[in-house]
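2 protein chains.
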Amino acid sequence: MMEYIPYSSVEMKDGFWHSKQKLNREVTIFAVLEQFQKTGRFDALQCNWKPGMPNKPHIFWDSDIAKWVESAAYILQKGPDERLESICEWVIDQIEKNRTSEGYFNSFYLTVEPQGRWQGRGNHELYCAGHWIEAAVAYYEATGRDRFLHMMEEFARYIQQVFVKEQSASFVTPGHEEIELALYKLYRCTGKTEYRDLSKFFLDNRGVRPREPEAMGIQSHLPVREQKSAKGHAVRAMYLYSAMADIARDCCDQKMQEACEALFQDIVRHKLYITGGIGSSKHGEAFTIPYDLPNKEAYTETCAAIGLIFFSSRLLLSQVDSIYGDVVEQVLYNGFLSGLSLDGKAFFYTNPLELCPEWLEKDVDKPKEDQPWLPWLTQRVKVFGCSCCPPNVTRLLASLGGYQYTYEGDALWVHQYMDSEAVHGGMQIRQETQYPNDGRISITVDGVGRLAFRIPGWCSAYKIFLDGQPWEGEEKRGYVYLRLPPGRHNLELQLDMPCVLVEAHPRVREDAGRVAVRRGPVVYCVESVDNGPMVSEIMLDGKAFWEAEYEETYGMHILHTKGLRRNPDGFGDCLYREMVEDRLPVKITMVPYYAFANRGVSEMQVWLLRA
Amino acid sequence: MMEYIPYSSVEMKDGFWHSKQKLNREVTIFAVLEQFQKTGRFDALQCNWKPGMPNKPHIFWDSDIAKWVESAAYILQKGPDERLESICEWVIDQIEKNRTSEGYFNSFYLTVEPQGRWQGRGNHELYCAGHWIEAAVAYYEATGRDRFLHMMEEFARYIQQVFVKEQSASFVTPGHEEIELALYKLYRCTGKTEYRDLSKFFLDNRGVRPREPEAMGIQSHLPVREQKSAKGHAVRAMYLYSAMADIARDCCDQKMQEACEALFQDIVRHKLYITGGIGSSKHGEAFTIPYDLPNKEAYTETCAAIGLIFFSSRLLLSQVDSIYGDVVEQVLYNGFLSGLSLDGKAFFYTNPLELCPEWLEKDVDKPKEDQPWLPWLTQRVKVFGCSCCPPNVTRLLASLGGYQYTYEGDALWVHQYMDSEAVHGGMQIRQETQYPNDGRISITVDGVGRLAFRIPGWCSAYKIFLDGQPWEGEEKRGYVYLRLPPGRHNLELQLDMPCVLVEAHPRVREDAGRVAVRRGPVVYCVESVDNGPMVSEIMLDGKAFWEAEYEETYGMHILHTKGLRRNPDGFGDCLYREMVEDRLPVKITMVPYYAFANRGVSEMQVWLLRA
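Those protein sequence lines, which keep their order, are chains A and B.
Just so we're on the same page, our numbering is the position in the first sequence counted from 1, plus 25.
Just so we're on the same page, our numbering is the position in the second sequence counted from 1, plus 25.
One or more of the hints may lead you astray.
Since copy identity is lost for identical chains, a pair holds within one copy or between any two.
To be verified - Derived lysine-lysine pairs resembling DSBU-like cross-links, with alpha carbons at most 35 Å apart: (1) Lys387 with Lys280; (2) Lys488 with Lys81; (3) Lys253 with Lys387; (4) Lys122 with Lys587; (5) Lys38 with Lys280; (6) Lys190 with Lys612; (7) Lys103 with Lys280; (8) Lys568 with Lys122; (9) Lys47 with Lys63; (10) Lys568 with Lys321.
Derived by calculation from the structure, the hints in this document are not laboratory data.
The model shown is predicted, which means the values in this text are computed figures rather than measured ones.
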């Protein structure tokens with residue numbers, strides 16, 4: 026069976042992601058730590074909160090810390106960090122000290138609501154447990170120490186007892202999925218099939234009970250094998266679908282596999298922003314109907330983007346098709362990375378494709394939280410009340426090497442292009458590239474008998490050189506395949522990377538008459554800080570000449586071109602007038618979408634008028 | 026002082042508005058009656074509701090009946106109708122029978138909440154009283170019978186006693202304005218200045234108390250003379266501003282007049298849809314910030330459009346400027362009339378500029394009322410829970426002649442072009458026209474020494490013939506003025522009325538890259554029932570040739586032209602693709618905006634892409 030070369034075997038050496046991982050390791054993980062300490066999330070683990078005390082624990086706080094520990098573990102895998110390690114150990118100490126004799130730990134239910142254990146389907150209890158399990162697996166893999174892992178195995182067995190044997194909980198499957206993929210990870214780590222079976226139990230029992238209120242929002246409207254259209258809360262959906270993909274492959278469950286593929290196709294064909302964002306609606310943080318992709322109201326939670334990487338990368342293991350690596354890439358460079366500020370200290374929870382700061386000034390005397398017309402945020406912030414995204418960003422960044430390669434025997438598949446070195450089994454792989462700023466990728470391998478690499482969906486022309494000689498490979502489902510004689514070989518891939526204008530399907534009403542700009546996998550946007558106010562007026566045409574200029578701050582190119590906009594002086598006091606041909610040529614500067622809102626409050630727009 | 030020639034002196038003779046008034050008189054007033062009877066609104070007037078009985082009266086039901094009676098009175102003015110008259114008398118009987126010894130009548134507070142009288146600023150008590158007063162004035166003018174009027178005078182004096190003398194109410198000024206303009210009408214009808222003074226009392230005391238929560242929503246954030254920007258609930262704002270205009274003129278209150286003009290300019294320059302709709306936001310049914318005019322979310326309540334006619338027509342009395350008549354006309358032919366179905370039996374409360382029935386199918390299992398992303402309605406309905414708009418439509422239609430002319434001495438101003446006959450004082454006026462289908466207007470006058478007529482703002486070329494001879498008049502603030510020798514004269518006005526493309530100010534983000542189509546005062550839209558689905562793809566250019574075809578059902582022309590749209594077949598399963606030049610020529614049919622949604626559920630759009 027094909028497997029990923031794990032993140033632990035892959036080292037970023039240089040280039041874009043190397044610098045992002047460095048930022049994550051040196052800044053972001055500590056920035057998140059500081060906020061989680063300030064807000065009482067770490068203190069909560071001591072389980073000594075009493076009514077009347079400040080910083081009352083919240084039902085999902087454990088998951089925040091768990092994802093932080095998981096991130097720290099991925100970082101520790103790459104090298105020692107005493108501070109990170111001692112905090113992880115302190116966290117594990119708290120769990121050991123405060124967990125019940127059954128192995129149960131939840132800082133909220135052990136303090137705030139002791140009578141509430143397993144009483145609320147929507148209360149994120151199994152969700153928190155799942156994140157603790159993921160953290161324990163990562164920590165074990167990073168340190169080889171199994172104290173945390175064993176505690177979480179006990180917790181998992183206790184969950185099995187409550188939900189399967191005793192059926193004593195007030196619900197059967199969780200309101201927020203996560204436990205399913207975590208249990209599968211625990212099985213993969215320990216080899217104990219009981220955890221996989223428990224994961225499968227939660228999948229099999231989902232959506233089979235009589236219809237519950239708001240079932241669609243939590244993917245309980247149908248048995249999972251009958252779900253073919255992505256629905257409900259986007260993060261929950263991704264976590265569920267990821268577990269479904271795990272179990273489908275592991276158990277050769279054809280119906281589950283078909284459901285996964287249908288769900289994925291539904292997303293890619295109907296519900297995916299060009300930035301890789303998903304979950305267009307604020308209401309329920311959810312998917313809506315096909316082609317409903319509004320730009321200014323786009324919710325597109327950072328965690329949902331991350332979840333889509335989880336789902337897509339798992340599907341790839343069952344069928345090598347470039348669409349899966351394409352989607353991972355599309356998310357990584359755009360709607361995922363937009364969640365993090367350039368300084369590594371602040372986050373977007375939601376990632377709209379259009380922003381106008383004026384919207385914040387609507388005439389109201391209502392409190393801000395009661396203003397449903399507000400855009401989400403115009404600037405990234407250090408922490409949220411519901412702060413799931415920041416530690417999700419850190420754990421994805423820290424484990425990024427794990428999405429680059431899969432292998433089976435002596436066959437190697439290259440899915441992502443990042444300057445890095447990998448040693449795994451008998452394989453050695455050195456990838457050198459300035460990607461995504463440059464389409465040239467040099468891959469030197471040793472111990473690889475068959476090599477396959479993804480031709481990105483955005484790329485319409487490429488060249489291949491094998492050991493310096495032009496080479497024409499067989500392309501199948503977006504991958505070029507070649508056989509290599511024993512020994513060391515160099516593969517050079519040259520992907521054409523022009524700036525292109527992209528249009529959306531006519532059923533995407535909000536993008537009618539509009540184009541977006543993409544260079545390689547990177548989607549661009551205009552900001553008023555470069556282009557003056559009313560960026561909504563900017564028009565591009567297909568004949569535009571593009572100049573790409575490397576911008577150190579972004580680690581990417583910015584783009585310069587010429588476009589048109591109406592002369593704003595012609596209107597005077599009129600709100601409407603007879604149409605006049607008064608489009609003026611203007612210089613336009615575009616920045617990578619991921620980097621928007623890093624220079625103060627600014628208008629921003631991805632989909633521009635097509636002249 | 027300039028005054029309007031009252032509706033009672035003007036008779037529609039033929040043409041568009043004659044047919045609408047006929048429909049109103051024969052169908053609409055009875056359709057509203059039937060619904061108000063069915064829903065218990067009429068029964069409530071008997072004040073015998075007890076807890077446990079069905080059809081519990083609502084705080085604003087009285088206002089619905091009052092506006093219905095006012096409408097009936099306008100109709101009765103034009104000719105007898107026993108059924109209407111007997112119902113009016115029945116209503117008046119109920120008030121007489123059930124009112125208190127102080128003269129107070131409110132079917133809600135006399136039954137449901139007897140302890141609540143004058144206890145809630147937001148409870149529409151003075152609003153209902155105001156509508157009763159308006160109805161009483163109209164009924165007196167129609168029938169000459171003063172029973173109702175006297176009862177309402179007593180009510181007004183009681184209000185004066187409670188609010189001015191005793192100050193025993195829990196609030197000083199009402200949460201929903203209306204009493205102010207009603208009291209002014211009562212003063213104009215009776216000549217008793219105490220009612221004008223009470224109206225002025227409510228204006229003078231508004232916004233002078235320490236800031237209240239949500240004060241801006243009800244125009245209480247500032248003293249009225251300091252209000253320069255239109256804010257809050259649009260209907261309330263219009264009713265307030267109308268009273269301000271009345272008092273400003275009557276009392277020569279320069280500061281009040283300046284406030285009125287600033288508020289009007291703020292609306293016309295920043296907050297007015299091309300359809301004449303105002304109040305863009307569902308939240309608080311309110312004005313928002315300048316240039317915030319979304320099309321699909323446009324709230325634009327029918328009552329707010331009517332209120333803008335009230336306000337604009339009053340301002341005209343202080344300063345003859347075509348902008349006031351232009352706005353009345355813009356509202357009448359578009360955002361007001363869209364509130365009524367072609368069959369005269371159903372109503373829109375809100376009048377969006379873009380509609381896509383798919384929006385109703387968003388994947389949710391929440392109840393409809395908890396779906397904030399829903400468009401308002403895709404089809405007109407017979408009655409609403411809050412059914413303020415239907416009787417507002419009937420009373421405006423019935424009194425429409427009153428907006429055509431003003432006079433002062435022997436000078437006559439023609440503001441609106443409608444085929445009609447007027448006899449007032451020594452003046453006789455016969456206006457013959459197919460307007461707005463044709464720009465030719467023939468006006469024959471007798472007893473008029475000075476004649477002025479409005480050149481609509483949409484008109485860029487016109488000709489005038491006086492007694493058959495070409496004539497060049499002096500144009501001042503959008504009116505052409507001429508002196509006439511004694512006797513009978515004919516004025517023929519020929520207004521050029523081509524189809525024009527209109528663009529919106531660059532700060533209206535939602536209309537960037539778009540044009541609307543207008544012919545004369547009539548705004549057009551596309552519907553999918555004519556043009557196939559995805560009307561959002563339709564593109565127009567400035568060189569389009571237009572063919573206008575008279576459509577009996579609408580009493581107006583429909584338009585045919587050619588435009589472009591992308592080939593919808595080229596996408597296959599792709600959500601995005603590199604831009605392709607594949608625009609196909611297509612035939613386009615446009616219908617008057619006011620007539621949209623009369624042929625089943627359909628997509629609709631006013632602002633189209635500019636090719």
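So, going through the hints one by one against the coordinates:
| no. | hint | in the structure |
| --- | --- | --- |
| 1 | Lys387 with Lys280 | between (50 Å within a copy, 27 Å between copies) |
| 2 | Lys488 with Lys81 | neither (59 Å within a copy, 78 Å between copies) |
| 3 | Lys253 with Lys387 | between (40 Å within a copy, 16 Å between copies) |
| 4 | Lys122 with Lys587 | neither (64 Å within a copy, 77 Å between copies) |
| 5 | Lys38 with Lys280 | neither (41 Å within a copy, 72 Å between copies) |
| 6 | Lys190 with Lys612 | neither (68 Å within a copy, 68 Å between copies) |
| 7 | Lys103 with Lys280 | neither (39 Å within a copy, 74 Å between copies) |
| 8 | Lys568 with Lys122 | neither (67 Å within a copy, 79 Å between copies) |
| 9 | Lys47 with Lys63 | within (24 Å within a copy, 71 Å between copies) |
| 10 | Lys568 with Lys321 | both (27 Å within a copy, 32 Å between copies) |
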